[in-house]
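Chain by chain, the residues run as shown.
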Amino acid sequence: MTAAGTMRLFGTGTSAGEIQDYTAVPKAAQTHSLSIQADYLRTQSDLVSVEIESVHERAREMDLANRTLAKSRNDVPNLLDELAYQRGMAWTDIAEVADVSVSAVRKWRKGRDASPESRSRLAKFAALLEMLEQKGRIQDPANWMEMDLPLGAGYHIRPLDLYLNGQDVALLDIAEHRGRVEHVLDYIRPGWREIRSKFEVFEDTDGLRSMRMRSE
Amino acid sequence: MYPNREVFSNAPLALVTAEVRFTDFPRLRRQETLDAVAIALEERFPLNTPNVLVNFGDIGPDGVPQVEQQRRVVLMNTAKTESVTIAPSSFIYETTAYREFDDFRMSVAAVCEALIGANVRPALVRVGLRYIDEVRVPEPITDARAWAKWIDNSVIGPLTIGPDDVAVRSAQGLVTFDLGDGKGLTFQYAALNQRPPVVQPQFLNRQHFEPGPFFVLDFDGFRDFSGQEAVRLDTDEVTNILTAVHDPVGEAFQRAITDDARDLFRGGAA
Amino acid sequence: MESVEPEQLYDELGEVARTRPIFQGDVFKDIILPGFGDEPHLVQIVAHPCSMRKGTDFRPRITVAPVERHKRIEGNDWDGYLGIMPLAELVDGNHYAAKFVDVTAAPSELLHTDARIATLSDHGIYVLQQRLVKHYTRFDVDIPTLAKVAAPVLWEMHQQRDWAETVLDDETDWTTENLHSEEVTFHAWLDEGNPSRRLRLKDDHTHTDMRKEAHQAALARRAEAGGPA
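Protein chains in written order, with this note's numbering: chain A, 1 to 216; chain B, 217 to 486; chain C, 487 to 715.
Extracted from the complex, chain A is given alone in its bound form (with noise of 0.2 Å):
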């Protein structure tokens, strides 16, 4: 049932600028309360497509756990090597997931002991660049994690930028092109907009890059 259907049905029609008597019992018609935030039944579209929603990230929520206890299995130097040698990682980015210095990495290939905690960050990152590379079709998914997604001129958000704020599954949703990026991004990051910047980078007469002030 599409959510407009389901709009049809409890007579909630599409907004037109003019108020629809959605509800089958009118708000007079119920016992008032400052502690009910919102009509909860009656965000008919909403709880659809939250439901939807809510039901598909749960599987993949899943899917990440599955994943990311298989890695960790591994040890840690075995994860660094995975994500820095198979992978093609940076140790800088490395260090970020793992909520670690570079220095801490570095002890750690030296044989120095990870916390659990840094053990399973590290899982879980290998966790989902699997993830994308195999649900998401993504084929370097490192190199990717690391490039600006294309959001025209001056916007520099990361992949990773969203890793290291929180957001996995979600990344799911933008590698799969699920929605343009700017709305999947208007959901997790609203005012990303906000944040441009005035430069372009370009390669300069000398062959190595400089920046200059956007034209447009």
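Calculated from the structure, these hints are not laboratory results. Don't take each hint at face value.
Unchecked claim - Restricting the straight-line Cα-Cα distance to at most 30 Å, the calculated cross-link-like pairs of lysine-lysine (BS3-like) are:
hint: 1; chain 1: C; residue 1: Lys698; chain 2: A; residue 2: Lys135
hint: 2; chain 1: C; residue 1: Lys634; chain 2: A; residue 2: Lys124
hint: 3; chain 1: C; residue 1: Lys698; chain 2: A; residue 2: Lys198
With chain A's structure known, arrange chains B and C on it following the hints.
This is chains B and C only, laid out in the frame that chain A set:
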């Protein structure tokens, strides 16, 4: 008393609210009246937040929640589990720490007395008593059909209408019963998943709950006054109505839940 | 202006690995700066990484800023104090800052890895660059743009370290001679190919692949040098 009546130690009750609606009473716009009412209630509700903006949520034409803000007097108990909201054409008493109906009724009676004592005796329009349960259970709910263990079949029968081997994404319903003499009972239910709770108090503290899927049982018992003769605000009149709708509400709640749920609410493992 | 806490500012502090190439932001001790008297100074390299070297050799002089004790810069103060680069907790928990007004050219042979006491993280380097630009031109540049401009040269710097540590997996082999030798080999490797790998690096999309390639090449080199494959 209704069949199976019980006071559960671990009730899923998130909120109980009583709303008494009346014809617009200008005196309630006067600060001295509001002060008098607040003073009369200061033992029970010493916290006074006048002129707060309160949100009354409603859904707009495009399905997006719209919030209407109004200035009101809100009185609260010190534990911030009960509040009284006074407006020119209604008052609302609500609690997140409901224990016994008698206590609840006495609190509503106290508010009526305070109003009457301040010479506020408008004509009644509607008296309503609403119980909202958010049933949360220790077992994981990945499909709405799993609620069958806790919610009676009479509520979630429709879940079996579709094919057996597909997921049930959502379930909701609404039934209105005519109890005669202007009284009615509106029963709403919904199986909800990853979303904020239905009861999100602006001012009150809510008892701790685990986030996750929950089943809403929403019972609204009421009396509409649309007769020829106006009935003026009267403590007994109001409390009698509350008592009269309390029984059908309680009975409906008991019918809506299974024995497993009863065990859970009693505080045992289900 | 961007602020940065000590935990995020430095890459290494105190003990700095010799394998890390000398780079913008590095802090050195015991440097006698010409024209600054006879006492040794702490200095920080402010030269842009692309201008420090000719090929793999340093230019005769490299621009540095003297580093002195300074109160800790916190909160909104990062928007002020535009003549310095704050270096909190630089030595024994004490706070310092590099003074841009006294920037001078130091003989590059004085800037030896043995005298190095701190290196900056990538983010720290961007902050330094942002402050330098502001000091010299009063112009505001954002960090993401600086990061993009610096990406290829930072890639080289990090990869060179990785190469050296892979080929010379025993720290006792990290002699100046060996490290220089590997630097030369690494850069030769970058110049190989048509288009050369160095040219391919101009496209950020190649960076993950190039890291993998570089690591493989370093492993091969280690094997041929007689170490474990």
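For each hint, the structure was consulted:
Under the criterion of a C-alpha separation no larger than 30 Å, the hint pairing lysine 698 of chain C with lysine 135 of chain A is consistent with the structure, at around 23 Å. The hinted pair formed by lysine 634 of chain C and lysine 124 of chain A meets the criterion: a straight-line CA distance of about 27 Å does not exceed 30 Å. In summary, the hint linking lysine 698 of chain C to lysine 198 of chain A is not supported, as the alpha carbons are separated by about 34 Å, beyond the 30 Å threshold.
The earlier numbered hint that this structure contradicts is number 3, and it is the only one.
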